[in-house]
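Protein chains: 2
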Amino acid sequence: MKIGLDISGGDFAPKATIAGAILASKLLAENQQIVLIGDQDIAKQHIEQAGENPAFFEYIHAPDTIGMSEHPTKAIAQKPDSSISRGFQLLKEGAIDSFASAGNTGAMLVGAVFSVKTIPGVIRPAIATNVPKVKSGFGILLDVGANADCKPEMLPQFGLLGSLLAEHVYGIQKPTVGLLNIGEEAEKGNMLTLAAHPLLKENDRITFIGNIEGRELFDDKADVIVCDGFAGNVVLKMAESFYMLTRQKGLDDPFFERFNYEQYGGSPILGVNAPVIIGHGISSPEAIKNMVLLSRNMVESNIVEKIKSAFN
Amino acid sequence: MKIGLDISGGDFAPKATIAGAILASKLLAENQQIVLIGDQDIAKQHIEQAGENPAFFEYIHAPDTIGMSEHPTKAIAQKPDSSISRGFQLLKEGAIDSFASAGNTGAMLVGAVFSVKTIPGVIRPAIATNVPKVKSGFGILLDVGANADCKPEMLPQFGLLGSLLAEHVYGIQKPTVGLLNIGEEAEKGNMLTLAAHPLLKENDRITFIGNIEGRELFDDKADVIVCDGFAGNVVLKMAESFYMLTRQKGLDDPFFERFNYEQYGGSPILGVNAPVIIGHGISSPEAIKNMVLLSRNMVESNIVEKIKSAFN
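Protein sequence lines, in the order shown, are assigned to chains G and R. The opening residue of the first sequence carries number 12 in the working numbering; numbering runs sequentially from there. The opening residue of the second sequence carries number 12 in the working numbering; numbering runs sequentially from there.
Note that these hints are calculated values from the structure, not bench results. Just so you know, not all the hints are guaranteed correct.
Under 8 angstroms between C-beta atoms, here's a sample of chain G residues computed to sit facing chain R [to be verified]:
#1 E224
#2 F241
#3 N244
#4 V245
#5 F253
#6 F266
Label pairs and their calculated CB-CB ranges [said to hold, decoys possible]:
#7 R/K85 - G/E164: 31 to 39 angstroms
#8 R/R135 - G/A40: 54 to 62 angstroms
#9 R/D160 - G/E59: 53 to 61 angstroms
#10 G/A206 - R/E311: 40 to 48 angstroms
It should be emphasised that the depicted structure is a prediction, and the values quoted were computed from it without experimental measurement. In this text, a Cβ means the ideal position worked out from N, Cα and C, and glycines have one as well.
Could you build the full structure based on these sequences and the hints that come with them?
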């Protein structure tokens, strides 16, 4: 198994990305190889400085970088030697089995859809994130930003994509699906959720349990919560800011600590023909380590094949 | 000044509502009279039991109650002797200067629009809520549930309504307006925010400062944050759940304490021809007290007349 990692992506790259790769490498089996994509000279330098053996990794030289604020489509097209462009080339050719980056989110999304393409039957891929539960563990929230506007038919698909991720990658048995909404009753909502509710209800591939209000995101009602990418992105960033505030204020609590993005590693793009993971821009070595391990888990679980047959 | 208060509305009514009215009455000037709307015998009984003089209040007998889960439009029409229906009758006739209730939110909204009506020029009234700032004080978020779907032209109006509330009722000088969105750049967003952004920017009645992401809700970027009622409702309820969690976990912090809805009293419906306030269903006596004081402040500030001339 070859796990592709963009070492140039993220606010603290390449130092944090390489440090994370080193941490992850110690936890991988012998046949699980990390492929570092970026400036290979800098990579080897950092690895030597850390007292590790550069021969332990594979390298794909990609000296160019796509900046965090560059226009995704343009950057992908104009910078073939950037780490993200090269990563997707390799993924498309099958030279790596997964690709992860803490770089430009838009470029990751565009790159995934342009290179490995959307799985037939999936209307639009979605970005999934982890939502901690008060009692224990976490749920899955999607979409958190790939689709700012959604058609109603997309939400049951998100429910199925999230359920497959929950079951096969996170080992959540018979995951339940909830619809993020502004009331408990089926007749509450905006045009999107009102139209999506009956579609979710009649879909026998998922276990739909009804609406989830903003106050119920962290309880045990649903393992998978579906919403459009606008609402999901607001929820994700708001949860993040709460976590940062509890940290700033020195609050120490196991539940709030489960908001720490570092432990989840990143957000998978679900519905494309290969495992692709987007890391947080501020990814620390710990976050990168977990992003590599999540990549490994996604490859190992064969999640993409499972999604393909579910949408076949 | 006559401040109308529904004593039957809310999960802990009439005990909490009457206790709140008693607390508020001690803080009001002589010419500021609370009008208790509900079962007057029960009201007088509770006031006597609390060792207070029933003659200190005015009463409007309204023995019927609209339940929390009743259909708003039907209930308003079918229960003319309910406290909410009577409250709006009185407000329409000018027998009270403001009306506040911790009861059925939908009935409050429908009642306001059917009785005192929307101010000419206002497309749709909006419900505003308070959002605490990390440094100090709070901002205004609207809409939080009156309009699950919005047209782009409504958002600059929400900005103006919120700015007038911030300035005249809360004394925030030259309030700034931000658009809740999923990126900092003007070209980020869903169809609604993309279309609303230029309208907000070109509107010279408000001080628009650009997009506000979910992680920036609690910083000082904007005094007024506008969004559709779906996103606003999700944000409001999520913030509430965070506050409840910090409380459950015994976390004691002045910032998190500013999430406590009790101190704000309730959410004004802005854009109708009289001050109308919706209280939280779980309103405590402290919350009811502050809802009465907010009613007083709205009447005293002449906010409705200021909105009327701004939209004239």
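Taking the hints in turn, this is what the structure says about them:
Below 8 angstroms, beta-carbon pairs count as interface contacts, and G/E224 has one with chain R at about 5 angstroms; its hint therefore holds. Restraint check, G/F241 versus chain R: the minimum CB separation of about 4 angstroms is within 8 angstroms; hint holds. Taken as an interface hint, G/N244 checks out: its beta carbon lies about 4 angstroms from the nearest beta carbon of chain R, inside 8 angstroms. Taking 8 angstroms as the C-beta contact cut-off toward chain R, the hint placing G/V245 at the interface holds, the least distance being around 4 angstroms.
Satisfaction of the interface hint for G/F253 is found here, the shortest Cβ-Cβ separation to chain R being roughly 5 angstroms, below the 8 angstroms cut-off. Evaluation of the G/F266 hint against chain R yields a held restraint, the C-beta minimum of about 7 angstroms falling below 8 angstroms. Between R/K85 and G/E164 the beta carbons are some 32 angstroms apart, a value that agrees with the proposed interval 31 to 39 angstroms. With their beta carbons about 59 angstroms apart, R/R135 and G/A40 fall inside the hinted range of 54 to 62 angstroms.
Under the hint 53 to 61 angstroms, the C-beta atoms of R/D160 and G/E59, about 58 angstroms apart, fit the expected range. Look at G/A206 against R/E311: about 44 angstroms separates their beta carbons, and that is inside 40 to 48 angstroms.
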